[in-house]
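J.: Sequence:
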Amino acid sequence: MARKLKACLVSVTLVLLTVYWLSGNEIGIQTNSSPVYYVHGSSTPSTSARNMSFNNHFHILTMLSVFNGKRWPKYNEFTDQDLVDRDKEYLATLRANLENKVVKEVHLFYMEDDDLKLVKSQNFSALNKLRPVKWHRRLHMADFFLYASKNLVNKSVIAINGDILIGKGFDLIDTERLRDERVMFSLTRHNIIRDGKRCTPLNLCTESYYRASHDTHVFRLAEPLNETIILDKLDYPINMWGAENAMHWTFKNVLNFTVRNPCRVLVTHHNHCSKVHGPSLEKVDEHKYSIYYLPNKGWTQKKVLQSYTPFENSLAYRKRKKSGFLAFFYSFLLRWT
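Those letters in the sequence shown? Residues -24 to -1, 1 to 313, per mature numbering (1 follows the signal peptide of the UniProt record, and there is no 0), in order.
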């Protein structure tokens, strides 16, 4: 019996090694853990439950980012038309989000009065949903959560970058359970195809190897967050390298939230086809956090609609990319166990 067991283990190991070497690539841990779209009822929803939608009304938090005839520092390489094209994308995104039926209000942070006048001159049909918020700086990650803690407790909130369009799926979320079970959805965006071309080739929600940004954060607070913690951990610009990952770490390890990325069902789009890209910023202080990543592979609607999932037990968080045979073997076990 022992010989047969040993032979079986050797055979399995050889097969795994062969597949690994044939793959020819470093393999990071991917999981098929099932995130949540909390649905009323039992932990195993019926077919009708999976089709249930909620009368959700979200408050969007976002920054007004327009050049409006001005040239910001470090943008000298772009033409005036390039800057105009980028402004059109920001304004089109704002209009679409205002007109989205799941959006109750857009809390628009702005610094310059002339920029707000530009928005109001657009004659958007849903301008009544706009809630201007005069702000003293470009948004920091902490600003999203401090503002929500002071003004939007027990409200459904979507904090987004200024060029992210809200797509389908948001009517499926049971935001009461999102609140009660301390869950945040931090989503990876999808592409936009314009003139037959994909506008953003990287950092998208795909089935491929995890390499993604997180531009949309969905939550509903039961109570205000600890201001001291938020200022200590998250007081940095939202476009810094590692900004979202450090936020994930803080919410999971300090604030005791569960953070998930069901981006295949909660769809957002990155409206950025213009040439203008901002200058590279410094990274967050990596000594202050262990950076975590949220893989999205295998997150289907059926799985997302389940009320309970062993997310933490499936290692959907990981401190760093693992390579080599151990990572492959571990991902294999996660897939088949």
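One thing to keep in mind: the hints can contain errors.
What the hints assert, rightly or not - Computed cross-link-like contacts, SDA-like style, restricted to lysine to any residue with a CA-CA straight-line distance of at most 20 Å:
#1 Lys228 / Gly218
#2 Lys46 / Leu207
#3 Lys96 / Val109
#4 Lys144 / Asn32
#5 Lys64 / His253
#6 Lys93 / Val109
#7 Lys144 / Lys46
#8 Lys131 / Lys96
#9 Lys80 / Lys126
#10 Lys93 / Asn44
#11 Lys131 / Val78
#12 Lys80 / Phe30
#13 Lys131 / Asp91
#14 Lys144 / Arg71
#15 Lys228 / Asp208
#16 Lys105 / Leu92
#17 Lys64 / Phe30
#18 Lys80 / Ile168
#19 Lys131 / Lys64
#20 Lys80 / Ser125
#21 Lys80 / Val109
#22 Lys64 / Asn32
#23 Lys50 / Leu94
#24 Lys46 / Asp91
#25 Lys64 / Gly218
#26 Lys228 / Leu207
#27 Lys131 / Pro108
#28 Lys144 / Ile168
#29 Lys126 / His116
#30 Lys80 / Arg155
#31 Lys93 / Arg155
#32 Lys80 / Lys50
#33 Lys77 / Arg47
#34 Lys126 / Gly45
#35 Lys105 / Asp147
#36 Lys80 / Leu197
#37 Lys64 / Val78
It is worth saying that the hints were derived from the structure and are not from the lab. These numbers come from a predicted model, not from an experiment.
J.: Which of the listed hints are broken here?
T.: Those not satisfied are hints 2, 7, 8, 13, 17, 18, 19, 22, 23, 25, 31, 32, 33, 34, 37.
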